[in-house]
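In order, the protein sequences belong to chains A and B. Mapping the first sequence onto my numbering, position 456 (from 1) lands on 456, and the numbers just tick up by one. Mapping the second sequence onto my numbering, position 375 (from 1) lands on 375, and the numbers just tick up by one.
It is possible that part of the hints are untrue.
[Claimed, not checked] Dumping the calculated DSBU-like pairs for lysine-lysine here, alpha-carbon to alpha-carbon at most 35 Å:
# : chain 1 : residue 1 : chain 2 : residue 2
1 : B       : K298      : A       : K365
2 : B       : K427      : B       : K364
3 : B       : K107      : A       : K365
4 : B       : K163      : B       : K107
[Stated by the list, open to error] Some chain A residues flagged as far from chain B (calculated, every beta-carbon gap over 10 Å):
#  : residue
5  : L14
6  : V46
7  : A66
8  : G105
9  : S131
10 : I141
11 : I165
12 : Q189
13 : Q293
14 : D294
15 : L375
16 : P386
17 : V398
18 : S466
19 : K470
[Unchecked claim] Listed next, the stretches of chain B that the computed footprint assigns to chain A, with coverage defined by at least 3 CB atoms under 8 Å from CB atoms of chain A:
#  : region
20 : 44-54
21 : 65-72
22 : 164-173
23 : 176-188
I should point out that these hints are in silico values taken from the structure, not numbers from a laboratory. Predicted model, so just to flag it, every value in this text is computed and none were measured. Think of the CB as a built atom: it goes at the ideal place given N, C-alpha and C, for glycine as much as any other residue.
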Amino acid sequence: MTATTLFQSALASLPEIVVITGACILLILGQFVRKGQEHFLVWASVAIVLIAALATLMLASEVRPAYAGMFIADRFAVFFKFVFYLATLLTFLLSRKYADIEGIGSSEYYVLLLFALSGMMIMASATDLLSIYVGLELMVICTYVLTGFLRRERRSNEAALKYVILGAVSTGIFLYGVSLVYGLTGTTQLDGMAAAVTGDPLDPGLLLAVVFIVAGLVFKVGAVPFHMWLPDVYEGAPTTITAFMSTGPKAAGFAVILRVFLNPLVAASNVWIIVAVIAVVTMALGSFVALVQDNFKRLLAYSSIAHAGFAIFGVAAGGADGVASVMLYLLIYAFMNLGIFGAVIMMRNGDFSGEVIEDYAGFAKSHPGLALLMLLYLFSLAGIPPTAGFFAKFYVLVALVEHGFVMLAVIAVLLSAVAAYFYIRIVMVIYMREPKRAFAPALTPLVRAALAVTAAGTIGIGLFPSWFLKLAQDSVFGG
Amino acid sequence: MGFPLLSFIIFTPVAGAAVLMFLRGDDAARWTALSFTVLDLALCIAMLVGFDTTTHAMQFTETRPWVPALGINYALGIDGISALFVFLTALLGSICVLASWVAIDRKVKEFMICLLSMQALMLGVFCALDLFLFYVFWEAMLIPMYLIIGVWGGEGRVYAAIKFFLYTLAGSLLFLIGVIVLYFYGGRTFDILALTEQDLPFRIQSWLFFAFLIAFAVKVPMVPVHTWLPDAHVQAPTAGSIILAGVLLKMGAYGFLRFSLPMLPEASMYYSTLMLALSGLAIVYGGLLALAQDDLKKLVAYSSISHMGFVTLGIFALNLRGLEGGILQMFNHGVTTGALFLFVGLIYERTHTRSIADYGGLMKVAPVYTTFLALFTLSSMALPGTNSFVGELLVLSGGFAANLVAGSAAVLGALLGAAYLLGMYGKVALGPASVGARLTIRDVNAREMAAILPLAVFVLWVGLYPKPFLNIIDASVKHLLTHVHSRGSGQ
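Chain A with its partners taken away, still in its complex shape:
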């Protein structure tokens, strides 16, 4: 590798370098930050993400393959990176006050989030099964630790342990698939794999390898049959981390799934049948089980399974529109899901957990403005216009019908009618019950800012979807 190509490679991965270097510096500086000075950590982390975003934007104009085909900086990656930046930034804003209340004093919290971010960024840009693996592990190891961050709480420890063990198994499955691919084709590069199999009918061994790889990835987005960890982990983790995991890492998982599925190797096979079945079962399970939840975080965990199912419908649809529909879905989902989690996080104050749905009874009476915001996020999650959630679902359905999967579209909408029930049930509790006790939400300017951004996204994309749609469509073929 000559100096020029090395420089080109480094340039292409500049945003990742910024985040990782920044995180390392912050890790050292964090040891010198005195108690009560944690504001510095938040702002420094925000600054690092903003610089990375700026670097990403500067590099967005052209496609830059790097590191001998392991890595690529294209518009597809740029789109996903911005979803990650959004999720991470909002998590920072929501974390400050919550960390105080929960007694999370250590600077590692922010540093680990930054490392997780860099892992996700690598995943979005990876074009080789090994670099995918590196990004994936970097991300999940950080989230393992973050899940167990409430050291005094048993629930948090249990969740972390469960996550680590199941996550390790899924990683093993993924790696086994990768080794099979390498053994059969002699390469781990996504392009190389495609070149190795063109023309011939698909080798059953390769199909098996693809199934293993898909299984490993499906675990990360929490789709059936690898969803069992998700409700427990979501419930046990600090709520800010749950919010983060449900948007950022989930989007990263989808980024990789799309990269693999854009690959002709998969497109040529009949894997889409498996994908369609996974989508239906995932959405059905998420929607029906969510109906009986009393815990808000568990309900949102199942809702997140259902939403993953809906996004997988877009993967099953395939084609440029299918891919773009998944991307747009994930962007919109990041806005509305961080919004609703922001509301749950804000309720955590004093001895008030805000985790039981009954806690919200009569919330509209004492805080009409905040209740209206929750109403907005909930109706958006249910997919009612004119919110962004409707447009996200609409575009997935368009992609499905375009490729002739009308029955799948019908199943998808019927299941979303089921899912609508538990969202409007929360609206009912907020608006139609009498309050049992006084509310004192932990509303800091930072939390307010986070809620304002998510609300603007949720209603803004709903009313003016054109620009975002075009962005997603342009990003599909960017590389």
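Dock chain B against chain A, hints included.
For chain B alone, coordinates are given in the frame of chain A:
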């Protein structure tokens, strides 16, 4: 493109809702809501004055690109059919505010915001010329209506609100799939007018017809998907019931007129007998159910099912008299049943009972109330001289021409209507006064009169001189009919 009148009509209530957000005080909220609805009504009257009745073409059209990548436009326009309902919506809007003046005593501001957003969305549905835009308006109505029933409703409001929401949502979502399928088969456009010019294969038309039927049948509502309606009506506050009966139910029938008939003419003709049978069933079944009710509101709610059966009967008779009668009957039902719900609400505010058995002899204590109640009861029965007579007569004559059995069922339904309505009026207004009624009932006051009078005027106006109303819809209906028959006879 001239003055965007339709946008103004749609967004005036939105502006009202926005102003309300910054106001404090219940009375301020009431007066603001009233001013904006009256202003909106004035705009609608201006629209009717400028309306050209000689053409079936869309008027006051506006088009702006919204999501160009998918061919979605912000496109508005009205023909004779929509003009009538735009006006009805605005008229009932002001009356709803008046009807809620004292009936709503908590969270008045929030209620008025819901009412105004509801009005804007309903107007949007009738004005939309883009399927996507139509769907957004159509579906977004669920949010304010859910809140109106669920927050300000009666005892069982939560159950009723959720039932209303899920029934309508499930129906609408299948409609959405139909819309997307239509988009791909109709040349990748959401333009309603362009889609009516498409010739779709009969197989596709059939599928779409049933996808649309489910959505529209839930809204109308037709038997067997009618069960949400009595619950929603009984639990909703008076204004909610007026909106439901007056406008929301019309949207299903409007959907048949705007989408099923013009876009799927072959399927509409092929399945018209089925639709006539369902309409006849709704007329008789709804009438029988109404006959068995003791609760005033339930009685009016079930009578709505029967009356809307007349509407669908007229539409699927697929002849001129049937269609004109069906559309006029939609307008009439909005006026008359809206008024009946208003009357039930007025008496409920005074006595807090809706059971017919608790009343009697109201004539003596509230003569004005009972006189007007008589007018609307007779109108609902379709007595000559009232609005419904004209509509029902047209529907019957069209219905008999199309199908003898369905026509006979409609006559039976009309008889049942006379039975339950006269029975109700007799028990409530005549006879000896009940103890409770004598003590608490005041006659109508000036504000209530302001809500009643316009409706009474329309009952008599349409009843005695229906020509202006038929003129508005005439050109559009004739065009629709020619369109359906010329395209639908292909098989």
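Verification of the supplied hints:
Note on K298(B) and K365(A): the hinted pairing holds, with a Cα-Cα distance of about 31 Å set against a maximum of 35 Å. In summary, the hint linking K427(B) to K364(B) is supported, as the alpha carbons are separated by about 13 Å, within the 35 Å threshold. Simply put, K107(B) and K365(A) have alpha-carbon atoms about 9 Å apart, close enough for the 35 Å limit, and the pair holds. A hinted pair counts as satisfied when its Cα atoms are at most 35 Å apart, and K163(B) with K107(B) qualifies at roughly 23 Å.
Interface exclusion of L14(A) from chain B stands, the closest Cβ pair being 31 Å apart, more than 10 Å. The Cβ of V46(A) sits about 31 Å from the closest Cβ of chain B, beyond the 10 Å cut-off, so the non-interface label holds. Every CB of chain B is more than 10 Å from the CB of A66(A) (nearest about 31 Å), matching its label as outside the interface. Listed as a non-interface residue, G105(A) keeps its Cβ farther than 10 Å from every Cβ of chain B; the least gap is roughly 41 Å.
Its beta-carbon lying about 32 Å from the closest one in chain B, S131(A) satisfies the requirement of being farther than 10 Å from that chain. The Cβ of I141(A) lies farther than 10 Å from every Cβ of chain B, with a closest approach of about 40 Å, so its non-interface assignment holds. Distance to chain B confirms I165(A) as a non-interface residue, since its nearest Cβ pair spans about 39 Å, more than 10 Å. The claim that Q189(A) is not at the interface with chain B holds, since no C-beta of that chain comes within 10 Å of its own (minimum 33 Å).
The Cβ of Q293(A) sits about 17 Å from the closest Cβ of chain B, beyond the 10 Å cut-off, so the non-interface label holds. The beta carbon of D294(A) sits about 17 Å from the closest Cβ of chain B, which is more than 10 Å, so the claim that it is off the interface holds. The beta carbon of L375(A) sits about 8 Å from the closest Cβ of chain B, which is not more than 10 Å, so the claim that it is off the interface is violated. Listed as outside the interface, P386(A) is inconsistent with that label: its C-beta sits roughly 5 Å from the nearest C-beta of chain B, within the 10 Å cut-off.
Its beta-carbon lying about 6 Å from the closest one in chain B, V398(A) breaks the requirement of being farther than 10 Å from that chain. The Cβ of S466(A) does not lie farther than 10 Å from every Cβ of chain B; its closest approach is about 5 Å, which violates its non-interface assignment. The beta carbon of K470(A) is not kept farther than 10 Å from every beta carbon of chain B, the shortest such distance being approximately 6 Å. Taking a C-beta to C-beta cut-off of 8 Å, the region 44-54 of chain B contributes 0 residues in contact with chain A, too few for the three needed, and the coverage statement is violated.
Remark: the region 65-72 of chain B is confirmed as covered by chain A, as 6 of its residues place a Cβ nearer than 8 Å to a Cβ of that chain, reaching the required three. For a cut-off of 8 Å, the count of residues in the region 164-173 of chain B with a CB near a CB of chain A stands at 5, and the three-residue condition holds. For the region 176-188 of chain B, the assignment as covered by chain A holds, since 6 residues bring a beta-carbon within under 8 Å of that chain's beta-carbons and 3 suffice.
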